[in-house]
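Kindly generate the complete structure, drawing on both the sequences and the hints.
Protein chains: 2
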Amino acid sequence: RAYCAMASAGKGLIFRQLFEPVSCTYTYLLADEKTKEAVLIDPVLEKADRDARLIKDLGLKMIYAANTHCHADHITGTGVLKKLLPGSKSVISKDSGAKADIHIQAGDEIKFGNFALEARSTPGHTDGCLTYVLNDKSMAFTGDALLIRGCGRTDFQQGCPSKLYHSVHTQIFSLPSECLLYPAHDYTGQTVTTVEEEKKHNPRLTKSEAEFVNIMNNLNLKKPAQIDIAVPANLKCGIQD
Amino acid sequence: RAYCAMASAGKGLIFRQLFEPVSCTYTYLLADEKTKEAVLIDPVLEKADRDARLIKDLGLKMIYAANTHCHADHITGTGVLKKLLPGSKSVISKDSGAKADIHIQAGDEIKFGNFALEARSTPGHTDGCLTYVLNDKSMAFTGDALLIRGCGRTDFQQGCPSKLYHSVHTQIFSLPSECLLYPAHDYTGQTVTTVEEEKKHNPRLTKSEAEFVNIMNNLNLKKPAQIDIAVPANLKCGIQD
Ligand SMILES: [Fe+2]
Ligand SMILES: [Fe+2]
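Taken in order, these protein sequences are the chains called W and E.
Here the numbering used here is used: position 47 in the first sequence is 314, and no number is missing along the way.
Here the numbering used here is used: position 109 in the second sequence is 376, and no number is missing along the way.
Some hints here could point you the wrong way.
The list treats identical chains as one, so a pair stands whether inside a single copy or across any two.
[Claimed, not checked] Below 25 angstroms or equal to it, Euclidean Cα-Cα: the simulated DMTMM-like pairs (lysine to aspartate or glutamate) are:
| no. | residue 1 | residue 2 |
| --- | --- | --- |
| 1 | K366 | D394 |
| 2 | K430 | E385 |
| 3 | K349 | D362 |
| 4 | K278 | E445 |
| 5 | K278 | E300 |
| 6 | K323 | E463 |
| 7 | K323 | D299 |
| 8 | K466 | D316 |
| 9 | K278 | D403 |
| 10 | K278 | D299 |
| 11 | K361 | E464 |
| 12 | K328 | E463 |
| 13 | K404 | D299 |
| 14 | K323 | E445 |
| 15 | K490 | E304 |
| 16 | K328 | E445 |
| 17 | K467 | E300 |
| 18 | K404 | E300 |
| 19 | K404 | E464 |
| 20 | K467 | D362 |
| 21 | K378 | D299 |
What the hints contain is simulated information worked out from the structure, not anything from laboratory work.
Below, the structure written as structure tokens:
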């Protein structure tokens, strides 16, 4: 089992994990080394210049900027990146209710070069949450459905602990045990986990569904600082018309 | 060329990049999946519990906690980790002048299972700076010698811009172009780069030596916040006797 991002070795996948420290958000760049076609997952508005610069440095052509869901804790960079990198399209789930060039749903694929990301529906944090799975199932981008030793909140937007529990167990824990899981956030300085690890060590999702629901309904978390600004903005790709 | 940490695919290397946000320090966990022997590079005191927990979760046995150099911006976690994970040894360069169980120098190897890290001497930020190169040359841990699109400071400890310039050009830029470079710090949310990328896009090290020296001598940076506490502590593995 490879615990590092090496499962697609030699297949020509370019991969970069990027971090935004205020909302502790991870953005992911994936590209086909041969065709140079690139996808950016969950870019953050404040880091759009950095991301565009890196894409240019690497000689890549961003074709899609995709969100895992309509975020409540930061404003998406997709709208601004479309302007910085003309020719690219924004992508989000149909169920998110958010504006984008392309609306996808479970089973749809985002193709870039010889690679593709398969969209799996993993609601529970929001109704429109997608998990993007690389076509060889070596890595998956879980958004806020599954975090490293944690999971996304279920106490705002369309949060529902029971839905989240089923999403993770049926759509994420069914992936190969060595599949690398890359979340949308981490607050502890960790960068990646695996299906096997979370099945063994996730303190919430190793519990029964009833216990999980009880934990999630009693977290008593503060309202996200940016929610009143971020959600309306993210419903429009992060930019005002 | 693989831009992601996948060059050792299928060879059984476990790899994790970890982050400490106050000093923006990266810690690296490398282990042999078969023998479970693990090495931690540049652990940070405040994250020792997290690192020990991860090593236990993954069923690994840490045999070495190695520093790239005597850090001025954070206190090393090696001393505390030796207590949390008995049986492990601290490692640093002889030239650092710091206390450790094992002192190494250019050409020495840190072996873990079927893997090894070769120590290259890359002075200039400090006299004792080492770059650790994985035996298959797929990845290197550059400490503060080379940062992503930058480099370490040369205005304190034994800093010397000319030495640093030669270190990077002879010891790091001589690695294969696709070699992944993992720095001790990043302040922009980037996680990794390659030899090829830095040879092309590093704004300082693509300059002539004279220009580089001039840039480095005119940065006018603030004194590192933790230097008066960190350096004396790091000379003793981060713990008081
Ligand atoms: Fe979210
Ligand atoms: Fe340093």
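*Which hints from the list above does the structure break, by number from lowest to highest?*
11, 15 and 20
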